[in-house]
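Residue numbers (the working numbering), protein chains in the order written: chain A, 1 to 762; chain B, 1 to 298.
Just so you know, these hints were derived from the structure itself, not from any lab.
Don't take each hint at face value.
[Unchecked claim] One side only, chain B facing chain A, incomplete, derived with CB under 10 Å: (1) K188; (2) N189; (3) G190; (4) A260; (5) L262; (6) R266; (7) E268; (8) D271; (9) Q288.
Just so it is clear, the structure is predicted and the values come from calculations on it, not from any experiment.
Here a beta-carbon is modelled for each residue, glycine too, at the ideal position from N, C-alpha and C.
Listed below are the residues making up each chain.
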Amino acid sequence: MRQGAQIHFLLPLIPGIALVAAPARAYEIDYSADRAAELRACDAHYFRGRRAEAENCFEALLEADGDPRIRAEAAWALGDSNKAFIETANGIFREAIVSYPEDAAARTRWGLLFAYTRNATEAKTLFDEALSIDADYAPALVGLADLAAEQFDGIARGFVDEALSNDPESIGAQLLLARMELEVGNLDSAEVSIDRALELIEARNLPPVEAYALKASLDLLRGALESPWIARALEYNPSYGDAYAIPAYIFVITRRYREAIDFYEHAVEVDPRNWSARTELGVNLLRENRIDEAYDHLETSYNLFGYDAQTRNSLILIDSYEHFTVELFDGMTTPRGGGAGVILRLHEDETAVLTPYLVELINRSIATFSERYAFTPEEPVIAELYPVAADFSVRTAGLPGIGLLGVTFGYLVAMNSPRPGLDGEFHWGTTLWHEMAHIFTLEATDHLVPRWFSEGVSVYEEWSTGPLNGRHIPSHVLQAMAEDKFLPIAGLDEGFIRPTYENQVIVSYMQAGLICEYIATQHGQQALRTMLEHFRAGDDSVTALEAALGITAAEFDERFAAHIEAEFAPTFANLDAWMEAQSAMLQHANESNWTEVRGPAESSIALLPFYVDEGSPYLYLARAQREAGDTAAARATLTAYYEQGGYAPEALLQLARWHLAAGEAATATRVFKDLLQVAPLEAAVHAELGDLLLETEPVEALREFEALAAMSPHDEAGLKYRMARAHLALGDRDKAREQLLYALEIAPNFREAQQLLLEIVR
Amino acid sequence: MRRGTCLALAGALAFGAGPARAELYYLIVGGLGGDPVYAESFAESTSAMAEAARRTVGDTRVTVLSGEGATREALEDAFASLNRRLAAADRLAIFLIGHGTYDGTDYKLNLTGPDIDGAAFAALLEQVPARNQLIVNATSASGAVLETWADDGRAVITATRSGRERNATRFAEYWANALSSADADVNKNGSLSAQEAYDYASRSTVESFEADGQLATEHSEISGDIAQGFEVSRLTARVTVSPAVAALKERAEDLEEQVAALRLRREELGDAYLPQLQALLVELAEVQEQIDAAAPTQ
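Bound-form chain B, shown alone:
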C-alpha cells in the first residue's frame, strides 16, 4: 500500500544505514513576473518554497532559478546537472511559479528570454533518471499540461484545470504556505505528503475566493498515484537514531499499519471497533513514549 511504501521509505531515510539511500532533490523555478506586483509575489512564493525545501533536505539538493536567472538555458543546465546526480531510486520535486500561457494548442512557461513550451519541458522530464517525480505547475494555464506531463511514477499538480484559466494564480502562494504549515499535516507525522500539501493549498485557494466574494478563476488539479506517499516537505529536522530506537520505530510502523488495516474494518466491527482501536493506539503511544525517552524529538 502507498502509505506503507512511504513509511518504509521514511524509515530508510531516518536510519541512514546501508548503501546510498534514496534522496529527494528539488528544482524550483520562479518565472518572469512582468508587472512588479506579480514579480514580487512570484519571488516571495519561490523563496518560501525554497526555504521549505532546504529545511527538508539541506542546501545541496535544492536548485532555485528565479527572476532574471530563470532562463531557458539555466533551466536546461539545471536538468543536465540533476541527470548527472540523480539515481533511479531518488526522487525529484519540481515547482514552477509564474505566468503560463496557452494558445489552444501549446502551453508555454514564461521565462526570462525565450520561453519553454510544454512538449520541450516534457522531454526534459523524460531524461530524468529518478523513478518518482512530483511536478507542481503553479502557473496560469497550467492545466494544459496535466495530461501531457502525466507518466508512471509521476504526480502532477496544476493550479488550473485547463489552459483556459488564464489569470495569475493564487495557488502558488498557498502551495508555498502548505509546505510549512502544521495545519496541512493532517496525520501529524511531522512531514507533508504531496497529497496533504495539495489538499491544503487547494482548499486555501477556494476559501480565498469565497472570502473575497469572487467567482474562482482557477481550479487546481492533481494526478498520479504516488502523491499520497511522496513526502514533499518536513516540518521538523530529521535526526539519526540508534539501533534500539530503530527497532522501536519499526514496531511503531507496524502498529500504524495495523491501525490503518483496522480502519478499513470499521463498519464490519461495529461496537468492537473503538476498543480494538484503543488497544492499538495505546500500545503505539507507549512505544512512542519509549522512543521519545531514548532519542531526541523528530
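Okay, chain A solo, but in the shape it has when bound:
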C-alpha cells in the first residue's frame, strides 16, 4: 500500500472510513464480573451451541417483568438470530439507563450494543459516560480500546493498559491485548495474554471458545498447518464459527487472504448464520477477484444482519461493476520468460483513455521487478481503478493505514483513478509502480513478508526505478528523523499497524524505504532477494536480516542510524531555517506580495534543494518570477523543480509550453509525457503532446489523439483535424481526407483543415 505524502489532502477522499472500517464481529461473550447470573445461565446454552435452549432461556428473561438491564441483554442475544430484537434491545437499554442512571455497567453494555451495530460514535459516547460515573471501570476502557484498535489507532494500547492496571483480572482486556499483539506479530506476548485469560476463564467457568480461537491463531501464525485448538473450540461448541473466523481475521491483517478465505468458508459451514464471517468471506473473495461468490455471501449476510455498512457498501460496489469494463491483455515476455498477462477493470468512461498507459506501465514494472526480485507472476495481474473515491475506500475498509492511495491483495491492485483535469497531487504512475512492487514481495513469499519489508521495497522501487525522479520525503518526516523517531527494525511493523503519534505511518513508510535502499546499496540487490527467500521460509525479520546481511538486528539499527545521520546531517541542520523561510514565503504569498516571496523562496531552495512536495518553494519562486515578468527565470526554476521530481500538473503544463515556445521540442515532449503520469484525464495534455509528436512519433501522436477522442473534447472539429494530420503523417491519405471532411462538416470555415484538404485532393 502506498501512503500519500500529503495526508491532510488524502483524508477527505476516504470519508467515513474511521467509522465503517471495523471488521465484522458477531455476538460476543460478556466476561465482565457483573453480568447477572440469570444471563449466565442462558449464555451457558448459547456458547455451547445449544441455540434452541438459549433462545428459550433469553425469551423467558425478555418476557419476564424484570430488571430492564437483564431484559435488554436478553433481547440483544435474541437479536443475533433475529435482527428485529436489536431495536427492542436498544429501547430497553434506554429504559435501563433511566432506571439506573449511575450504573456504569449498563451504559457500557449499551455502548457495546452500538459497537455491535457499527455505530462507533454512540458507542464511544456511552463508554465515556460510564467512565465519568466510574473512572476505573475496566469494561468501559476495554470498549474504548476495542473501538480504537479497530481503527488501528495507537491509543488503543493505552486504554488496554489502563484497564489491566485497574483490573488485572479483566479477561476482555487480556484477550484484546492478545489480538493486538497477534496483529503485529508479537506472538510470544500474545501467548502470555491468552494463557492468562484462559486461566481466568477456567477459574470462573466462562466459555473458553474465544481464547481457544486465539490459541489457534497463534499456532497458525507460527507456521502450523493445523491447530488442535480449533477442534477443542468445536468440541465445546460445535456451531462456534468464530473458531475459524478469529484466526481468519488474523490472516487478513497479515495479508494472507487465501488462507483467510479458507477459514471463513469453514466458519460459515460450521455456523451458517454467522453473518460477520460471511461478510468477511465475501470481502476477501472480492480481493481474490471471485466476484460472484463474494456477492452471494455478502447478500446472505445482509439478509441476516442489515446494520453492517461494509456489507452494504461491498454489495453496492459489486453492483457498480456493471459500469466497468474488464479486459485481458496477454502476458508479455519478461527477461525470465513467460508472463501471465494483465487484466484491467476500469470504469467505462476511463477505459479508452487510460488503458494504453496502464498496460505500458504495468508491463514495464513486471519486466523490472521480475529481474530485480527473481520472481515471475504466476497469475494475471489485475488492476482496478476507481474514479469514485468512496468505492475505492470500500476496497480498503478494514485495513490498517489511513490515507491509502492504492492497495494490493496479492495479484490484485486497486487504486483511485487519476483526477480529471489538472487537479493532481496524486502521481498515479508512482502509486501503481509502488503497488506492482507489492505483488512481487507478497507472492514471492506466499504473503509471509512482514508489512515493513513489503512497504520498504515498494518505496525503494519508487525512488530507484519508478517513473518519478528523486526521493519524496515529506518535511514532517525529516523532522521526525531529526528527532530520532525511527523504530528498531524488529518493531517497525508496529509503526504501520499501531501508530502512536500523528503521521507515524508515513514516517514508517519512509523509514522502511530508506532501510531497503540502504540494504541494497551496502549489500547489493541480492540481499533483498535473500531476505525474501527467508520470509518465504517463515523466518521473522530479525532472522531474515541476520541471514542476509550477516549482522544482528541491533548492529543493523546502529549502522543504519549512523548512515542516516551522515547522509541527512546537513538536512537536519538546515531544517529549522528552512521552516522559517517557508513560513515567511507562504505569508507573503497569502498576501499576494510576490516581490517579497522571492527572497525566502530562494533561501528555502538553497537549504533543501530536493524539496518538491507540498508547499514547494520552487513553485512560489516561479510564480514570483512570472509576476515580475521574468519568464525565462520562471522557466529555469520550474525546470529545476521538474528535474528534482516535482510533478504539480499546472506547473508542468506551463513548463512544457514554455519549452515549446523556446523551440525545445524534445524537452517539451518529455515533460508532456511525464505529465500524463499525473494528469492523464486532461484533454490539453493529449492534444498538445500529440501535436508535438506528429513529425517524430506519428504512431504515438495518433494514440494521444485517440485518447483525446475518448474524452469527448469540446472542440470536435479540432480533434478531427488532428486525427487527419496523424493519418497523413502515417501515410494514410484516405483516412486523413475522411477526418478532414468530418472536421469541416462541423466547422466549414476551419482554415487549417481547408488548406490540408486542398493539399490532399490536389
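Starting from the structure of chain A, add chain B where the hints point.
Only chain B this time, still in chain A's reference frame:
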C-alpha cells in the same frame, strides 16, 4: 434559418456599406463582492468580459459598472444612455456578475447601495429599443429570472436553474473564459455565438465540479431561439473588404448554406454523402483561398 440570419448579419457588418448598420452594444455589471475573495473573483471576471467585448466592438459601445461604481443609480443611467443610442436593429448583450438572492418570491441583484429586484430589472429591459438582446445573469440564484426575463428576441442565460441554488457561482469565470477561447469556437468561424459560449462555459462548470470531486451546486440554463445566431464575441479583429472580396464572401456563405442543407440529408444519402460533402467543401476551401490571397486574414 438562424444560422443564415447570423451569416447575413455578419456579412452586413463585414462589408460596412449602405445605411447605418446594426451594432452590438454591451453592458457589463460586476456587482458587490462582499468577501474579498469574491470581490476579487467578480472583478477578474468583469474585467475579462470587458476585454472580450472591447476586442469585439471597440471601446465606445462597451459600458462597464464594477465594484463601488455598480450602484442602482449608475445602472439606471446606463440603461437610459443605451436607450438613447440604440436603434431597433441593434443588439444588446448584458452580463451580470456577482451575488444574487432569492427569498422565494423575488430575485435581487446585489449592488453597491440599494439592490435591484428582478421585476425592476425586467422593466428596464422592456425600455431597450434593440430587438435582439442577450442577458447573461451569472449570479447566484439567477435561475429565478430565467422565465420572468424571457421575451421574443431575447436569449437569457442563467448560472443556476432556480433561485434555490444560492452558492456563489463558478459559471461567471467560465463564461468570461469562453468569450476568448478558441476551443469554444466549435464551427471555427472566428467568432462565438451565445450558444457556443454557453455550451463551453456550461461544460467547463460541470467539469470543474467533477475535477474537485464535489456535487454541483449550480446548473446553468439557456432560453431563447436567438442564442444560436447571436454573435457575442469575436476572437479576431474584423476588417473591411473590397467589393471583389465581398462577392467571394457571398459565394462562401452560399456554399456554407449548401453544406448545412446537405448535412440534414446525411442519412438519406448514405454512401453518396461524403463525396457530395467533399465537393462542396473543396470548393469552399478554394473560395477561401482566393479570399485569403486578396484580403488580410479575418
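For each hint, the structure was consulted:
For K188(B), the suggested interface contact is upheld, since its CB lies about 4 Å from the closest CB of chain A, less than 10 Å. Residue-level restraint check for N189(B) holds (minimum Cβ-Cβ distance to chain A is 4 Å; threshold 10 Å). Checking G190(B) against chain A: minimum C-beta separation of about 7 Å stays under 10 Å; hint holds. The restraint placing A260(B) at the interface with chain A holds, with a minimum CB-CB distance near 8 Å, inside the 10 Å limit.
For L262(B), the interface hint holds, the least distance from its beta-carbon to any beta-carbon of chain A being 9 Å, beneath 10 Å. Evaluation of the R266(B) hint against chain A yields a held restraint, the C-beta minimum of about 9 Å falling below 10 Å. Of the supplied interface hints, the one on E268(B) is violated, with its beta-carbon coming no nearer than about 16 Å to a beta-carbon of chain A, more than 10 Å. Taking 10 Å as the C-beta cut-off, the interface hint given for D271(B) is violated, the closest approach to chain A being about 13 Å.
Hint on Q288(B) holds. Least Cβ distance to chain A is approximately 6 Å, under the 10 Å limit.
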